[in-house]
Structure formats: structure tokens, C-alpha cells
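Colleague: Going line by line, the protein sequences match chains A and B.
First residue of the first sequence: 183, per our numbering; consecutive thereafter.
First residue of the second sequence: 10, per our numbering; consecutive thereafter.
These are computed hints drawn from the structure, not numbers from a lab.
Every residue gets a Cβ at the ideal spot worked out from N, C-alpha and C, and that includes glycine.
Certain hints may be false.
[As the list claims (entries may be wrong)] In silico negatives: residues of chain A with every beta carbon more than 10 Å from chain B:
id, residue
1, 259
2, 271
3, 286
4, 291
[What the hints assert, rightly or not] Here are some chain B residues the structure puts well away from chain A; computed CB gaps all over 12 Å:
id, residue
5, 27
6, 104
7, 117
8, 213
9, 324
10, 383
[To be verified] Subject to a maximum C-alpha distance of 20 Å in a straight line, what follows is the list of computed SDA-like cross-link-like pairs (lysine to any residue):
id, chain 1, residue 1, chain 2, residue 2
11, B, 225, A, 253
12, B, 225, B, 11
13, B, 29, B, 241
14, A, 199, B, 29
15, B, 225, A, 399
16, A, 214, A, 366
17, B, 381, A, 243
18, B, 28, A, 443
19, B, 225, A, 442
20, A, 425, A, 458
21, A, 463, A, 443
22, A, 437, A, 406
23, B, 381, A, 202
24, B, 381, A, 240
25, B, 29, A, 278
26, A, 215, A, 243
27, B, 28, A, 320
28, A, 199, A, 243
29, B, 381, A, 322
30, A, 448, A, 477
31, A, 199, B, 241
32, B, 29, A, 214
33, B, 381, A, 369
34, B, 225, A, 259
35, A, 214, A, 322
36, A, 255, A, 192
37, A, 436, A, 366
38, A, 369, A, 482
39, B, 29, A, 466
40, B, 225, A, 258
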Amino acid sequence: MNMASANIIEIKNLVKKFGDFTAVGDITLDIKKGEIFGLLGPNGAGKSTTINILLGLLPATSGSVFVNGIDMKKNPDKAKQEIGVVTQETVVEPELTATQNLMLFGRLHHIPVSELQKSIKFALDLSGLTGFKDAFAGTFSGGMKRRLETAKALMHAPQLLLLDEPTTGLDIQNRTQIWNLLREINKKQNVTILMTTQYLEEADQLCNRIGIIDHGKLIALGTPAELKRKIGMSSMIEVAAEKDNLAKVAAVFKKAGLDPQVLTNKVVAPGGSNAVDKVQKLMRALAAAKISIQSVSMHEPTIDDVFLKLTGSSVRDQTGSADMEKAATAALMGRGGSR
Amino acid sequence: MSIIEDTFTLFTREMLIFKKNIGTNIARGLIFPLVFIILLGAFGSSPKNVPVALVNYDNSAASLSFINMLQSGGSIVVTSATTQAQAMSELGSGQVAAVVVIPAGFSHTLGSASVYTYLDNSQPQSAGVVSGVVQNVASHFNAQSVSGSQAAAPASGVSVVSNYAYGAGSNYESFVVGGIIIMVAAFGAMFGSGFTVISDRQLGNLKTFLTTPINKYSILLSKIAYGTVQSAFSAYIGLTIGLLYGATIAAGLLGFIELLWIILLVGLGFGALSVAMATRAKQLQTYALISQTITMPLAFLGGAFVPVTLLPAFLRPLAAVNPLTYAVNATRDIMIKGYLPIGTLVLASAILLVFAGVMVALAVFFFRDTSKQI
């Protein structure tokens with residue numbers, strides 16, 4: 183198709199239905215060559231389904247996916263060669279050594295035997311595991327496994343590296359290492375990166391652009407700065423209180439001319455142009471109404487706040503719709519109630 | 010990039026994992042045969058209603074009385090054959106477990122008479138029963154027990170001349186081991202193939218393989234190949250234990266190769282069956298339950314423990330459509346009869362190949378939509 187495209191991924195009107203359940207409802211999205219793109223969304227929003235279609239693991243109900251100009255539906259084997267994948271489950275073979283792990287994936291990607299040693303050396307250097315090349319992957323730490331897996335995904339020199347929640351379950355030190363590795367891959371190898379994450383500060387720090395998916399639709403797209411601007415450049419005001427008092431606190435927010443969002447243990451709202459004045463007003467009003475609170479704070483807006491504003495919930499306490507998606511999938515596959 | 014190349018890549022992976030876990034694999038290979046050899050070795054069953062063909066060339070009151078006494082215990086069921094040749098052909102085809110011949114002149118030479126038995130030693134339990142019954146009747150048989158015979162004669166009994174149908178001596182160990190190695194081969198394939206399909210799916214390996222540009226059916230083929238190796242590995246451990254225990258391979262060195270051929274075919278068929286099941290079963294528990302529910306009865310009905318001729322009539326048709334029946338017949342022929350049983354071998358090969366073919370087709374059919382595998 184159009185090989186000279188500036189986009190590594192072109193998703194057009196993508197729809198995926200499982201029976202009556204629409205997991206992905208008409209998503210159109212381009213990912214530019216060279217960028218680090220973050221795909222965010224609550225669990226069950228359609229993120230994984232979209233990724234699986236991108237990887238050629240699921241057929242789309244309608245719409246199209248092009249990877250570097252190659253139609254995933256018509257030419258999946260060629261399209262797959264353009265993508266390196268790091269899945270959510272860390273898939274390194276514990277019973278194989280680092281070298282054997284790399285060898286296996288090199289061969290699965292049809293790297294010619296003559297070039298295999300070079301690719302393995304490249305991957306070992308990249309992951310910093312040269313000193314452990316003959317150690318069994320089962321003896322590695324979580325961070326080492328993730329690095330091995332990332333390097334493994336890059337052996338066949340793909341144009342796009344796709345990572346599904348690459349730092350989930352890692353401690354902050356390992357997470358920082360992975361971030362640095364991804365930045366290095368993006369800059370030095372000139373590989374486009376598409377990642378999903380549930381850590382919003384990760385998306386904020388790492389990604390050039392962010393797309394937010396909810397209920398199978400793309401509800402926001404832009405640079406982190408652009409998205410933050412959407413909810414106003416002002417500071418966020420946060421009041422924590424007992425659960426029973428949250429509604430009352432929210433009512434006081436409204437009276438003060440704020441637009442509050444109620445979470446499980448706090449009420450949050452963008453402060454607007456004179457946030458400090460509003461906080462003082464708010465405190466007086468709360469005291470006058472004799473509503474007891476636990477704390478008051480202000481912070482610069484984060485992607486968390488953007489996410490909250492757009493989806494109406496915090497990213498990590500959503501499970502309901504994920505279960506729905508699972509149930510729909512199970513029903514479709516005739517495996518209902520197997521758990 | 011061919012499917013064969015992809016299969017080889019994935020098969021290499023299976024073998025590296027197999028090598029890493031070699032200790033566990035050997036232990037697993039040892040446990041089954043040991044348990045079954047101990048169990049079956051200790052309890053050689055004593056069957057009832059063993060079919061026997063009887064050729065009566067004497068046709069006297071004495072011989073009829075002898076026949077009645079043979080049947081009175083209920084251990085054997087006698088059918089009469091007109092000629093010894095006819096009886097022997099029934100023996101050869103496994104319709105009866107023994108032939109008893111009462112020679113002409115039996116009634117005139119009482120006291121020094123002989124009956125001749127031909128025992129199918131590939132069915133040692135049955136042969137043992139027939140041999141025991143005939144010996145017992147013969148030693149107690151005397152002129153007094155013959156009503157209307159000539160005047161009282163000294164009761165010195167009748168002697169029995171026993172012949173074995175097949176070259177090597179009757180060998181219960183070989184009988185047991187011949188069945189066990191087939192059962193172990195089937196179990197090994199079920200464990201190697203399907204089990205790892207499910208664990209690979211649960212660990213996310215299957216999904217990762219599917220994101221690479223391989224031919225997806227190479228995943229199935231590598232699993233079936235691995236199951237076949239696992240199956241031969243287990244069966245040969247079982248055979249080694251069996252040989253130490255006292256089994257023999259009458260066909261000699263060639264028998265080793267013939268056994269390997271049969272075992273590989275069993276591994277292939279059951280590997281494919283287990284992969285077909287694993288493409289549908291989501292949980293390991295479900296898979297384990299189904300595979301046991303299938304494999305155990307098949308092994309039993311296939312004569313791995315008890316000869317098929319001793320199965321109750323209503324189970325015989327099930328034995329006839331069970332591929333393991335033919336595999337077990339083949340291993341017993343190789344180990345006990347000692348000649349190249351080309352007929353059994355061809356029949357077993359054909360049936361096992363058809364079975365494997367159908368199972369591979371089923372696995373491919375289930376695997377064509379891989380969206381269910383991620």
C-alpha cells in the first residue's frame with residue numbers, strides 16, 4: 183500500500199464485537215513513526231482487544247489495521263515482522279538460558295541462521311545480560327526478565343515495539359531501568375513505541391502522545407501537555423474525608439463554583455485561575471457547615487486528573503466492565519462458567 | 010519459511026525444556042511401570058469361562074466323561090472341533106485360548122492314555138487355567154468314573170502332553186510388560202502434548218508464538234512430536250524395567266525396532282488426541298480429568314491388563330474399535346510369539362495410522378481459529 187506513510191500504524195474505523203458486546207466501537211487512530219505512544223484506559227475499556235487486533239491475534243469485525251503500510255488482515259505474516267511484542271505476562275522461558283531464549287525467538291521470526299549470532303549478541307548487549315547469557319532465565323530477577331523479553335522482541339529489527347503494561351509489577355528501580363531502556367531503543371534504534379500502561383505518571387513522563395480509550399471509544403488524544411490543558415492549567419484541589427461526608431463535601435465544592443469529582447476517599451476539582459482563594463473559601467464553608475474532613479491539598483494537574491475527568495473514575499479501581507468483557511468473550515467461546 | 014522449519018524450531022524448544030527437566034521426566038517414566046508391574050505381577054488373575062476347542066478322535070463313553078469333567082468346574086468352556094487343524098486355526102486367530110486333543114484309542118488304553126493340549130502362551134492366565142484344569146481332571150480320571158465301561162481297571166489316571174503354541178516359553182512377565190509399555194506410551198503422549206499446550210497457553214507462550222510470523226499449525230505439530238518422544242521415552246523406561254523384572258523379547262533385536270515402531274505410532278495418535286483436547290480445555294484440571302477418563306478405559310479395554318478374550322461380551326465391540334487393542338496385540342506378538350507377526354504388525358500400523366490421521370485432522374480443525382487460544 184502506501185509504503186512512504188509517515189505513520190507506522192493506521193487504524194481506521196476499527197470495530198470488534200463479541201456477540202452483542204462491543205469491545206471496540208469505531209476507533210480511528212494513527213501512530214506516527216518515531217514517537218512513543220501511550221494507550222490508556224480502565225480495565226475492560228477495549229485496550230487489550232485493540233492491541234490483540236493490532237498483533238493479528240484477533241480478527242476485526244470491521245475496519246482496518248495497517249502496520250507500516252501493510253494490511254494486517256491480508257498479509258499478517260509480513261505485518262507481524264514489523265512488530266516486536268512484549269506481552270503483559272513476562273514470557274521468557276525459565277528452563278532455557280538467555281541465549282536459548284533469544285535463539286528461539288530469532289528462529290520464530292525467521293532470522294537467517296547466518297545472522298542469528300549477530301542478532302543474539304545485539305540483544306544481549308541491549309538488555310545488559312551479556313554476563314548472564316548462559317544462565318537459565320528462571321534464575322533472573324523480574325527486571326532482568328523484562329529486559330530480556332524486551333531485547334528478544336527487538337531481535338528481528340522491527341519498526342514498532344509494542345508493550346502491554348511493560349512495568350506492571352516491577353519496583354520503582356526496575357521501572358526506571360525499563361524506562362531508560364525504552365528511551366534508548368526509541369532514540370538509538372529509531373523504533374516507534376506503542377505501550378499500554380495503568381501507571382499514568384509513566385505515560386506522562388515517557389510518552390510523546392497519549393490516547394485514552396473508554397467503553398471501546400477513543401475519548402482523548404494528544405500530548406500530555408495538551409491533555410492537561412483540557413482540564414485547565416490550574417492546580418487541582420483535593421479534600422479527603424470520611425466516606426459518609428464525601429457527598430456533603432462535594433456540595434460545598436459546587437457552592438464555591440467548582441466542578442467536583444467524588445472518589446472513594448476524596449473529592450477533587452480543578453482550582454481554576456485563583457485556586458488559593460478558592461481553597462480558603464472552601465475551608466471556611468466546610469467549617470461553617472461543620473463537616474469534618476481529613477486533609478486538604480493542592481497539586482499540579484497530572485494525567486491521573488485528566489483520566490479522572492474524562493472517564494469519571496480512577497484507573498485502578500475499575501473492574502466491572504472488565505468482567506463484562508470476559509463474560510462476553512466466554513459466552514462467545516462457549517466456555518461460560520469454566521472458572 | 011516452511012511449516013517444517015517452524016515445527017523444528019518449536020520442537021527444539023520442547024527438547025531443551027525436556028533436557029532441563031530430565032530428572033523429573035525419568036522419575037515419571039519409572040513410577041507408572043513400577044507400580045503396575047508390582048500390582049499385576051502380584052495378582053495374576055484367574056479367569057473363568059476360558060474358551061477351549063476340543064477335538065475328540067475317540068468318541069467313546071470314556072472320552073465323553075472326560076469332557077464332562079473338564080467342563081464341570083466352570084473355568085473353561087468347551088466347543089468341539091471336528092479336526093485338529095480346525096481347532097489349531099481357532100487357536101491361531103485367538104478365538105480360543107487352548108486346544109485339547111483326545112486321541113483315538115483313548116478308551117482302550119486307559120491307564121496309559123494321553124491327551125494333548127496346545128496352549129496359547131500369549132494369553133498366559135488363560136493358558137494356565139486350561140493347563141491346570143486338564144492336569145487336575147487327568148490325574149483323577151480312572152476307569153471307575155466311566156459309567157458302563159469295561160471292568161474295573163487300576164486307577165493310574167491319564168497323562169497330559171502339553172504343547173505351547175508359540176516358540177518362547179509361557180511368560181507372564183512378558184504378557185504384563187507388553188501391555189504396560191503401550192499404556193505408558195499413551196499416557197506419556199497425553200502428558201507431553203496436551204498438558205504443555207495448556208500450560209503454554211496459561212503462561213502466555215502460545216500468544217507470544219502467535220505474534221510471530223510462523224505457520225500456526227507448526228505449534229500443533231511440534232507438540233505432537235514432543236508427545237511422541239515423551240511417549241517413546243516412557244515406554245522404553247517401562248520396557249527396561251520389564252526386562253529386569255523378567256520379561257523377554259522373543260523376536261530379539263528386531264523386536265526392539267518393531268516395538269519402537271508401534272510405540273511411536275501410539276505416541277503420534279495419542280499426542281494428536283491430547284492436543285485436540287487441549288485446544289478446547291481451558292483448565293489443566295479439566296484436561297487431566299478428561300484425559301484420564303479416556304486413557305484408562307482405553308488401556309483396560311485394549312487388553313493392557315486382561316486379555317481381550319476374557320472381556321465380557323458386551324465390552325468386546327469396544328475393544329474391537331480401540332486402537333490400543335491392536336497395539337497391545339502387536340507388542341505381545343513381538344515379545345511372546347517371537348516370530349515376525351507381519352499380519353498383526355500391518356493391522357496395528359494401519360489402524361494406528363488412521364487413528365493418528367483422524368486425531369491430527371481434529372486438532373487442526375479445533376486450532377484453525379486461534380483467537381480462542383490467547
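Colleague: For each hint, tell me whether it holds in the structure or not.
Modeller: For each hint, the structure was consulted:
1. 259: 4 Å, violated
2. 271: The assertion about residue 271 of chain A is violated, with a minimum of 3 Å to chain B.
3. 286: Residue 286 of chain A is in fact no farther than 10 Å from some Cβ atom of chain B, at 5 Å.
4. 291: 6 Å, violated
5. 27: 9 Å, violated
6. 104: Nearest chain A Cβ is 46 Å from residue 104 of chain B, so the label holds.
7. 117: 77 Å, holds
8. 213: 3 Å, violated
9. 324: Check passes; 33 Å lies beyond 12 Å.
10. 383: For residue 383 of chain B, whose nearest Cβ neighbour in chain A is about 5 Å away, the distance does not exceed 12 Å, so it is violated.
11. B/225 to A/253: Since the Cα atoms of residue 225 of chain B and residue 253 of chain A sit roughly 19 Å apart, the hinted pair holds (cutoff 20 Å).
12. B/225 to B/11: 11 Å, holds
13. B/29 to B/241: 18 Å, holds
14. A/199 to B/29: Violated, at roughly 43 Å.
15. B/225 to A/399: 31 Å, violated
16. A/214 to A/366: 18 Å, holds
17. B/381 to A/243: 15 Å, holds
18. B/28 to A/443: 58 Å, violated
19. B/225 to A/442: 52 Å, violated
20. A/425 to A/458: Given pair residue 425 of chain A, residue 458 of chain A is violated - Cα atoms ~25 Å apart, limit 20 Å.
21. A/463 to A/443: Holds, at roughly 18 Å.
22. A/437 to A/406: At roughly 30 Å apart (the allowed maximum being 20 Å), residue 406 of chain A and residue 437 of chain A break the hint.
23. B/381 to A/202: 18 Å, holds
24. B/381 to A/240: Holds, at roughly 9 Å.
25. B/29 to A/278: 8 Å, holds
26. A/215 to A/243: 26 Å, violated
27. B/28 to A/320: Roughly 15 Å separates the two Cα atoms, so the pair holds.
28. A/199 to A/243: Cα-Cα ~6 Å, so holds.
29. B/381 to A/322: Not satisfied, since the Cα-Cα distance of roughly 31 Å exceeds 20 Å.
30. A/448 to A/477: 9 Å, holds
31. A/199 to B/241: 45 Å, violated
32. B/29 to A/214: With Cα atoms ~44 Å apart, residue 29 of chain B and residue 214 of chain A exceed 20 Å; violated.
33. B/381 to A/369: 37 Å, violated
34. B/225 to A/259: 11 Å, holds
35. A/214 to A/322: Violated - the C-alpha atoms of residue 322 of chain A and residue 214 of chain A are around 34 Å apart, more than 20 Å.
36. A/255 to A/192: The given pair, whose Cα atoms are some 13 Å apart, holds under the 20 Å limit.
37. A/436 to A/366: Given that 20 Å is the threshold and the Cα spacing comes to 46 Å, the pair is violated.
38. A/369 to A/482: 29 Å, violated
39. B/29 to A/466: 70 Å, violated
40. B/225 to A/258: 12 Å, holds
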